[in-house]
Structure formats: structure tokens, C-alpha cells
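Residue-level listing of the chains:
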Amino acid sequence: MLERIGVRTFEALLQGIPSSVPRATLSLPSGLAESELLRQLQGLAAQNQTAETHRAFLGAGAYDHFIPSVVRYLTSRGEFLTAYTPYQAEASQGTLQAMYEFQTLICELTGMEVANASLYDGATSMAEAALLALRETERTKLVVASTVHPEYRRVLHTYLRQTAVQIVELPAPDGVTALAEAERAIDDQTAAVIMQVPNFYGCLEPAEELAGLARRAGALTIVVVNPLSLGVLKPPGAYGADLVVGEGQPLGLALNYGGPYLGLFACRAPYLRKVPGRIVGMTKDAKGARGFTLTLQTREQHIRRARATSNICTNEGMCALAATIYLCALGRRGFREVGEQNVAKAHYAQAQLTAIPGITPLFRAPFFNEFALQLPCEPAALNERLLARGFLGGVDLGRQSPALRRGWLVCVTETKRRADIDAFVTAVREELHA
Amino acid sequence: MANVNQLRFTKTHEWLALQGAEGTVGITQHAQEEISDVVFVELPKIGRQVRAGQEVAVVESVKAAFSIYAPVAGTVVKVNEQLSQSPALLNTSPYDDGWIFVLQLSQPQDAAALMTHAQYEAWLVEESDRGGVHA
Amino acid sequence: MREPLIFEGSTAGRRGVTLPPLDVPPAPLDSWIPTEHLRTAPPLLPEVSELDVVRHFMRLAHLNFSVETNVYPLGSCTMKYNPRVNEEIAALPGFSRAHPYEPDAAVQGLLHLLYDLERLLAEILGMDGVTLQPAAGAHGEFTGLLIARAYHAAQGRPRQRVVVTDSSHGTNPASAALCGYEVVEVPSNRRGRVDLAALARTVDAETAVFMLTNPNTLGLFEEEIMEIAKIVHGVGALMYMDGANLNALLGLFRPGEMGFDITHVNVHKTFSIPHGSGGPGGGPVGVKAHLAPFLPGPRLAREGTTYRWVEAPPESIGQVRAFAGNVGALVRAYAYILALGGEGLRRVAEEAIVNANYLKARLKEVYEVPYDGPCMHEFVASAAAQKRLGVKAMDIAKRLLDFGCYAPTINFPLIVEEALMIEPSETESRQALDQLADALLAIAREAATDPKKVQTAPHTLPVARLDDVLAAREPNLRWRPA
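Protein chains in written order, with the numbering used here: chain F, 1 to 434; chain Y, 435 to 569; chain L, 570 to 1051.
Hints listed in this document are in silico derivations from the structure and should not be mistaken for laboratory results.
One thing to keep in mind: the hints can contain errors.
As the list claims (entries may be wrong) - Quick partial rundown of chain L residues pointing at chain F, CB under 8 Å, derived from the structure:
#: 1; residue: Ala630
#: 2; residue: Glu671
#: 3; residue: Leu679
#: 4; residue: Gly725
#: 5; residue: Val804
As the list claims (entries may be wrong) - Here are the simulated lysine to aspartate or glutamate pairs, EDC-like style, with alpha carbons at most 16 Å apart:
#: 6; chain 1: F; residue 1: Lys284; chain 2: L; residue 2: Asp1036
#: 7; chain 1: F; residue 1: Lys284; chain 2: L; residue 2: Glu572
#: 8; chain 1: L; residue 1: Lys961; chain 2: Y; residue 2: Glu468
#: 9; chain 1: Y; residue 1: Lys512; chain 2: Y; residue 2: Glu476
#: 10; chain 1: Y; residue 1: Lys497; chain 2: Y; residue 2: Glu468
#: 11; chain 1: F; residue 1: Lys287; chain 2: L; residue 2: Asp1037
#: 12; chain 1: F; residue 1: Lys141; chain 2: F; residue 2: Glu169
#: 13; chain 1: L; residue 1: Lys799; chain 2: L; residue 2: Asp764
#: 14; chain 1: F; residue 1: Lys284; chain 2: L; residue 2: Glu1043
#: 15; chain 1: Y; residue 1: Lys445; chain 2: Y; residue 2: Glu555
#: 16; chain 1: F; residue 1: Lys141; chain 2: F; residue 2: Glu183
#: 17; chain 1: Y; residue 1: Lys479; chain 2: Y; residue 2: Glu489
#: 18; chain 1: F; residue 1: Lys274; chain 2: Y; residue 2: Glu476
#: 19; chain 1: Y; residue 1: Lys445; chain 2: Y; residue 2: Glu561
#: 20; chain 1: Y; residue 1: Lys497; chain 2: L; residue 2: Glu986
#: 21; chain 1: F; residue 1: Lys284; chain 2: L; residue 2: Asp1037
#: 22; chain 1: Y; residue 1: Lys479; chain 2: F; residue 2: Glu136
#: 23; chain 1: Y; residue 1: Lys497; chain 2: L; residue 2: Asp1037
#: 24; chain 1: Y; residue 1: Lys512; chain 2: Y; residue 2: Glu456
#: 25; chain 1: L; residue 1: Lys961; chain 2: L; residue 2: Glu937
#: 26; chain 1: Y; residue 1: Lys497; chain 2: L; residue 2: Asp1036
#: 27; chain 1: F; residue 1: Lys287; chain 2: L; residue 2: Asp1036
#: 28; chain 1: Y; residue 1: Lys479; chain 2: F; residue 2: Glu138
#: 29; chain 1: F; residue 1: Lys141; chain 2: F; residue 2: Glu113
Note that the coordinates shown come from a computational prediction; the quantities given were computed from them, not determined experimentally.
No residue lacks a Cβ here, since even glycine has one placed at the ideal position from N, Cα and C.
Only chain F is shown next, with the shape it has when bound in the complex:
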């Protein structure tokens, strides 16, 4: 091949590069054959205790749900997995149609009119929604419920660090946002009110009231959702949300120690042209047949450059595909049933756990599949003993805030059989009274 290029050595191809540019000498271990690679990585994997080896009662933004085997099978197909972003639409109809179906499903779940084909994760979707609201209203204040996931709020601060935007957080004395405080804080300088339903503590917020306060002040309502709860819970579109964002991980994505996950972004029709990220639209081809294509691309970075609605390019295509397959595989009844089972099992577990002397509910608000408890001991110590007994215990809320010391956030999904819950409760009781 060098001959066809017209050079004698490879080095000749680099001859234009002056010697002042240093050449690299990488200090890396030698390569590994496949069997050796597998052996080494299997060894690393085996060191980890996970939802595979332990029964997980841990949520807080990442959930252990049943993933149907068709999800893994279909998302392993090379035609989806190794394709590129569908810019050449005629060669990517599979991907584009699947994304159109994804957009439809997200609109159905959230009650919104438009959904994009995914952003990176729930936290960055929330940040993008906030940016949209700030630009649309030309106001400089955000009112954010303190019950929004703490990492999401940290990401929002990072995204807005270099701006003059004021972020006001609303207190939540009983696990849900205080409406009186909200009313005081939301004013004509507020671009958006941001809430999470269910919130970080698992509680259901007074969402309709908060949306009403926002609307009266001319602010946008941004709701962060757990999409899996929307088979059972009222969709934000029904109570006045303008923008709905959230984390799609519960919809058929493995826990994967925090990523890749799936940022959801949906909105009402007036914000269509301001939506960040890719959007797929239906159209016709030259023969009049139906087809799908990326559309409204002039919002995006490859065209608008500095004036794009966002800088996002690669998004979470395979994750969106997994969610689409998950929702289709469960279907109308199955999805509803998953939600119902989550509610039933979580409430059963909460009743059993709070029957243990020394454990009380931390909040009184209604919840979906997560609830906070007050423990008579340090959660970290309890979790350590539970780990040894084959359980992944809940989140230590004292690490969020001193006011929540000995608070323990427990999650129960449909994957837990009654026997698992009973064993967990027994283990907790025994460890507390050991």
C-alpha cells in the first residue's frame, strides 16, 4: 500500500512534522489476547458485590428493575449498535423509526406534545431545561425545590456558574416543598420553578399547586420525573408542566454504576424550536413513501455553532432504543402492572420496617416506590452489616444534610419477592437489636 501511496516507509508520511514536535513513547503494559483479557476483566468484575449477588433496596436516582431479555438481545444487534448517528437518513430508517417511536412513548408517558431523541442523563436534561426557560423568559432567577436530587442540583449550579442567575432553593420541612415558601419566592423575575416528582426522598410533591404558582408569575414549570412511575402517577402534562425532564434508566437500562443513562426531555408545543438535541420527524421520500429523518437541525451545533440551542452532538441513542423496546415489551398492561407492583411492595416493606421498634417513617407524604425512615443508629454501620448478609441497604441521608442524620432512604422495586422483603426486614431487625 505504501507503494501505491508513493512512499518507501511509513515515516515518510510524517516527514512534514518538524522534529521540534516530540514523539511519544508510551509506558503501557503489553497487549493481551482475548482469553487473557477476559480472564483479567472477569477477575475485576468478580470482586464486586452488586444487585446480582445481593438483594438491592437502594434507589435514589438509579433503580434495579427487571429487564426483559429481548431488550438486551435487540440492543446487541450490530445494525443498531454499530451504526452512526442517522445523518444519512435513507441508510438509517431502522434507527430513525425507533427514535420516532421513542419520542411518541415519552410524550404519552409525560403528557407533553414534543419529546426529543434523548440527552445525556436526568441531571443534564434538567440543566438544559433551566437554560431554555432562562432564554425564553429573559428572566434571571430559578426557584428550585430542595427535594430535587442533590446531584442534579449540583449539576445545575455547575452549568450556571458563570452566569448572574440566582438560584433559590425551597425548604421541605416534611419531605415535600413548603407552599408558603414557594409563594414567597416565586416572583416576576422567576424564569422557572423546578420540582421532582416523586422527589429525592420518594415523596409526591404538591405539584399542581406549585405549577399554579409558577403560571401566575409567568414562570415556566419544569418537572423532573421517574418515567417508570408514570404508568400509575398523573403525568405532568395534566397539571400544567411546560417542560418535563427526567432519568430514563428505570426503563430497561442496567445500573452500570451510574451510566450510560438516558436524559428525557419533553415539552409543550410552543417550545418546539428551542428544544436541545436531536429530533426525528416523519416525512415522505421522492416516491411518496413514508420515511423518517432528523429534523429541525438548524437548532443544533453542527449548523448554528455558537448560537445552537445546546452544544450536544452524541446523545444516548442505544439507551433510548432500550427504553423503547422495554416499553413495547411490557406494553400497556405490563407497564401499568410494574408500577402497581412497585407501589404495593414498597408500601408493604415500609409497613414491615416501621413495625420494628426504633424505626419510624421520616416523612408523612405519600410515596411511589421509595421512602425515608428514621433509624436509631448510623445507616452506614447498618449497611455494612447488611452487606455481609447479602443486602444492599438504603442511602444514608445524613450525608446530604445534618438535619437528616440517621435518615435512611429505602427503595423496593417489583424485583423483590415477598420473601426477599421479609428476609430484609428480619435482617434489619436482628442487626438493630443485636
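Once you have looked at the hints, place chains Y and L on chain F.
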């Protein structure tokens, strides 16, 4: 409005039709050809005050977004809402139904400094002679 | 052959996967949750059997081109083979079923992997500190710019501008704008590289960062990179490398030794993560020591043989996403690096460069290549000659699909007319390259003899050329029941 000889032109391919202290603004035939199929027009808000040369509107094709600049300083008093339904009017009727917005000029005398149609056409020829292979 | 939408195949009462029956005491939902929080009408999910689901998505899969089925010479995308062993490794439950909030003691294997990956990337890039948080390249750019911003603020001199090149990827100015910077472009010279004189005139005490890609998007090595770095550092600004083209540098050059202070990598390009039809990716960022305190947190620390998460120093820019990063993608990148080793990584770059130059040699008689001399791992050809016959880059791209090859990147970078950006990657054989070259040459002949055929392509795909204008004028973004 259809008579181009009564219009004034800018080097950013806008035309201005003066009526007293008000001016209607649109894009030229050359511009709409360059842009090709218009899919969306981002119209300015009524009441917006603009300087000469400031971006007022954005015209989008499938592949690109084009800024439309105010030929002279003024306040936006009217916008062509029809363009929301039928952005293609910019292609089919750039000097008539494809008008974009109307300005209340802050200094009507500024319009005289703009090019006439003949000057614009001549300038277009000059510009294309100067252009090369690379975009 | 059109595949109906999954909703169109829905039949009342059908279901796919079933759940085990509820084994805890049942009760009406509103005994637990007040009705004001409950849904009244269920979402319109399809009602289909598991076989319906499998057939539907298999048939959709068949409508796609992919690296596993077609040559995919997309410039700046590095569409290399995605080793299947990495899929197996990433699926190991010890990685895939780990919850991000597990105690550190329970996931030492994973923490070791992530810590080691940071080290390996630092070594490959010639950098001192690495963050694995960013979810994609553009996210990495944003992170890198936030770091730059924090650095300049700490110096007591916050700066207002970011300079990019006129051949830059659109994410560069978009990321800079997202970060609150004004963006200024610097032109390329006649050799397609950064114009040094223009650069010297453009950067000043208000410049925070100069962002460039090396090799640049024309596939050309910035030969004066050391002088560029001197100019930029001379005004106290930072050098940022967009790592999209790292495939050409692996084992040959290191950004940290070419004057760069910050660089991001795209694990879904250089490090073989599958593109996934649009993600997920990963955009780790490497920085020099003086910028390390500003890296996002929390940070991974090692004490003896134990790993744990620790809070980042107060100068840290914070978090750019929830949780640690796209760990599933990072596991694949780690496996890829270990499999190749230092020697293997260098061969990747060498073979990528040879492949690109070979294709260029085969094509340059027919497709103008505006810049002379060897290219790196990609090159840009122009279809200007074909345009004179009425055939544009877009048409050539569509016609290439009929030949079973995915099209190169078209109409980018903006500084070349009717650009065709071609990057074969190192995993294509000579036969595959010849197939691509033969197809492009045949299309050039068609442009002369039968231009209509090219202008109306594709002809053999499941759909003919799609109407973009209609899609944008009449947005139809979701299915609705009749």
C-alpha cells in the same frame, strides 16, 4: 412593493420599502436563491428596538440559519405572521407576500444611504467575480 | 418494504413480557396514594406480543447500515470495528449491576478499573489529571472550558473570549457559548493550517482558550503546533485540544507534549465504543497539573490497594452530570486499551494513517484534494469538479449508499466547497478500501455520463431520497391514534 426600483438594498441582501417614516423589510431574490427552501422564519417581537446592522430575524433552510439584519435603525411595529404558516413565501414572493417586518425608522434619512437596485445588482456581479472555489 | 410503526401493529389485549403475580397484600392504589396524584387515563403504549416486538425491531435493524455490515468512512467519526469481546465484558454483572451508591468497599474491582483507566488515559495523552465524568465529546469540551474558566478566575483575571478555527467542529463554538464565552474565529492559511499571523493578531489578554483539533478537520497535522502554543501561552491563554482525531496520534504524539493544557477524548471514536446510532459515548478530559485542582468531583483516590471516592478540592468546578460517568462505555474503553497495549495503540495510528493516504492516492485524480502533501488519518476531498456537472457532495453521498458503502461526512469542514471528509480507520482492509474507492470513481464517471442517476439517488435502499424540507415545514414528531 413589487417595483424593485423603488426599493433600497443592503450588502446583507435585505430590501427596504420606505413609506413616510415606516419601512417594510424583506430579503432579495438573490438571497432566497442562496438560502433555497425556507422552512422556518424566526420573527422579531413587536416593539423591539434595533440599530442598523443588528440581527432582527432568522431565516432557516434545512441546512442553515441566516441572519436578517435591520437596514436602518428603528422599532419593529409589524411582522408578517403569514410566514409562520407559509415560510415558502420568502422563496416564491420575496418582494411581495414574503415581506418580513415593518420598522418605524428612528432616522428616515438613513434610508438614502442604502444602495439602489442598480447599485445592488452591480455590486452582486462584483462580489461573484471576487469569489473562488472554496466557500 | 415499509415496516409499520409498533403502534400500528397494536392489538387490544396482547401483551409481551409477564410479571410474576403480586405476592404482597393487594389494595386499591388510592388507599396508598391520594387520587389527585394518580393517573386517570393510561398512557397509550402498544399492545403487542413478544414475537411482535422481536420481529418489529429485527426488521428495523435490517433497514440500517452499520460498521458490522458496511464500510463506513465518516470523517472525524472514527468508525472502527467495535470488538465484541468488549460487549461481553461490559455485560458482566459485576460491572453492569453495580449501583452507583454502593459502599466503596463493595465495588473495589470497578473502582480499580476506573482509577486505572484515568492513569492509562493520562499516559496516552501526556496529561497529569483525568476526569471520566463527561458523557460525550461535547460534554467534555464544556467541562474543559469550565475548568479553563475556573483557572482564569483563580488567577484574578477572568477572560471573555474563546478562539476557534474556521475548520472547527460545531461543538467547539457551541460549547464555548454554553460556557458564556464570546467566540472568535481564526482563519486557515492556504496550506489548510492555522494562520499564525492571524492567530497572533487575534489572541490577547482577553483570550481564555484557543480550541483546536490536531490533526485538524482537514486531516492535516498542525506542523507549527509548538509555535501556536507559544503564541497562545504568551498571552496567558490555555491550549485546548479537541480529541476527535486522536486516532492519528496514538502512540506517535501526545497532546500534553505539543503544548496542550486540556484535551478531551471521544471513547466512542478512538477507543472503539460502538456509536450506538447516536450514543452513548464518553468524553473523558485530561489536564495538566496546573489545572488538576479544577477537575470535576468527586475524585477517585487510592490508599495502598484500596480505592475510594473523596471530595474534590474547593476549586473544583463541581459536577457536570449525576454519578461517576458513562461507566458502561468506559469499561469497554479500558478493555480496548488493555487488549492493544502501547505497541498496539501505535499500530492503530500508523495503519489509520496509511489507509487514509492510500484512499487519497486512489481518489485524488478524480476528486480534487485541495491540500497537498500527506494527510493523517483522514482527508478532505472536494466534489467541486462534479458540482460543475450538476452533481453535489450530497448526491454523491446518496449514490454511494447504492454501492453498499456508507457515505463520508459531507459539507464539512465549511472551508472546503462540496467537502467529502473521508476517514477509513485502521480496521478496514485493502479490499474494503478498494471497494470504496472503486465506488467513488464509478460515481464520478456517472456524474459525467448520467448525472440524473446520481442526483436522484439512492435507488436501491428501503426509501428513496427523503424530503427534508417537508419534515421541517410540517413537523410530525410523534404518532397519534386516528
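Hint-by-hint comparison with the structure:
Interface restraint check for Ala630 (chain L): the shortest CB-CB distance to chain F comes to about 4 Å, inside 8 Å, so the restraint holds. The criterion of a C-beta within 8 Å of any C-beta in chain F is met by Glu671 (chain L), whose closest approach is roughly 6 Å, and the hint holds. At its closest, the beta carbon of Leu679 (chain L) sits 5 Å from a beta carbon of chain F; the interface hint therefore holds under the 8 Å criterion. For Gly725 (chain L), the interface hint is violated, the least distance from its beta-carbon to any beta-carbon of chain F being 16 Å, above 8 Å.
Interface hint at Val804 (chain L): violated, since its Cβ lies 20 Å from the closest Cβ of chain F, which is beyond the 8 Å cut-off. Taken as a hint, the Lys284 (chain F) and Asp1036 (chain L) pair is honoured in the structure, with Cα atoms around 6 Å apart against an allowance of 16 Å. Distance hint between Lys284 (chain F) and Glu572 (chain L) is fulfilled; the C-alpha atoms sit about 14 Å from each other, no more than 16 Å. Under the criterion of a C-alpha separation no larger than 16 Å, the hint pairing Lys961 (chain L) with Glu468 (chain Y) is consistent with the structure, at around 15 Å.
Distance restraint check for Lys512 (chain Y) and Glu476 (chain Y): the Cα-Cα separation of roughly 14 Å lies within the 16 Å cut-off, and the hinted pair is therefore satisfied. Of the pairs offered as hints, the one joining Lys497 (chain Y) and Glu468 (chain Y) holds, with about 12 Å between alpha carbons and a cut-off of 16 Å not exceeded. Distance check on the hinted pair: Lys287 (chain F) and Asp1037 (chain L) sit about 14 Å apart at the alpha-carbon level, within 16 Å; holds. Taking the CA atoms of Lys141 (chain F) and Glu169 (chain F), the gap is near 11 Å; set against the 16 Å cutoff, the hint holds.
At roughly 14 Å between alpha-carbon atoms, Lys799 (chain L) and Asp764 (chain L) fall within 16 Å of each other, so this suggested pair holds. Distance hint between Lys284 (chain F) and Glu1043 (chain L) is fulfilled; the C-alpha atoms sit about 11 Å from each other, no more than 16 Å. The straight-line distance between the Cα atoms of Lys445 (chain Y) and Glu555 (chain Y) is roughly 10 Å, inside the 16 Å bound, and the hint therefore holds. Proximity of Lys141 (chain F) to Glu183 (chain F) is assessed by CA-CA distance (about 14 Å); at most 16 Å being required, the pair is judged to hold.
Using a Cα cut-off of 16 Å, the hinted pair Lys479 (chain Y) and Glu489 (chain Y) holds, with the two alpha carbons roughly 12 Å apart. Simply put, Lys274 (chain F) and Glu476 (chain Y) have alpha-carbon atoms about 11 Å apart, close enough for the 16 Å limit, and the pair holds. Simply put, Lys445 (chain Y) and Glu561 (chain Y) have alpha-carbon atoms about 10 Å apart, close enough for the 16 Å limit, and the pair holds. Annotation: proposed proximity of Lys497 (chain Y) to Glu986 (chain L) holds, straight-line Cα distance about 15 Å (limit 16 Å).
Annotation: proposed proximity of Lys284 (chain F) to Asp1037 (chain L) holds, straight-line Cα distance about 9 Å (limit 16 Å). Distance check on the hinted pair: Lys479 (chain Y) and Glu136 (chain F) sit about 12 Å apart at the alpha-carbon level, within 16 Å; holds. Distance check on the hinted pair: Lys497 (chain Y) and Asp1037 (chain L) sit about 9 Å apart at the alpha-carbon level, within 16 Å; holds. Taking the CA atoms of Lys512 (chain Y) and Glu456 (chain Y), the gap is near 10 Å; set against the 16 Å cutoff, the hint holds.
Proximity of Lys961 (chain L) to Glu937 (chain L) is assessed by CA-CA distance (about 13 Å); at most 16 Å being required, the pair is judged to hold. Restraint check for Lys497 (chain Y) and Asp1036 (chain L): satisfied, since their Cα atoms lie roughly 12 Å apart, inside the 16 Å limit. A threshold of 16 Å between alpha carbons decides the hint, and for Lys287 (chain F) with Asp1036 (chain L) the separation of about 10 Å falls inside it, so the pair holds. Distance restraint check for Lys479 (chain Y) and Glu138 (chain F): the Cα-Cα separation of roughly 13 Å lies within the 16 Å cut-off, and the hinted pair is therefore satisfied.
Between Lys141 (chain F) and Glu113 (chain F) the CA atoms are separated by roughly 26 Å; this puts the pair beyond 16 Å, and the hint is violated.
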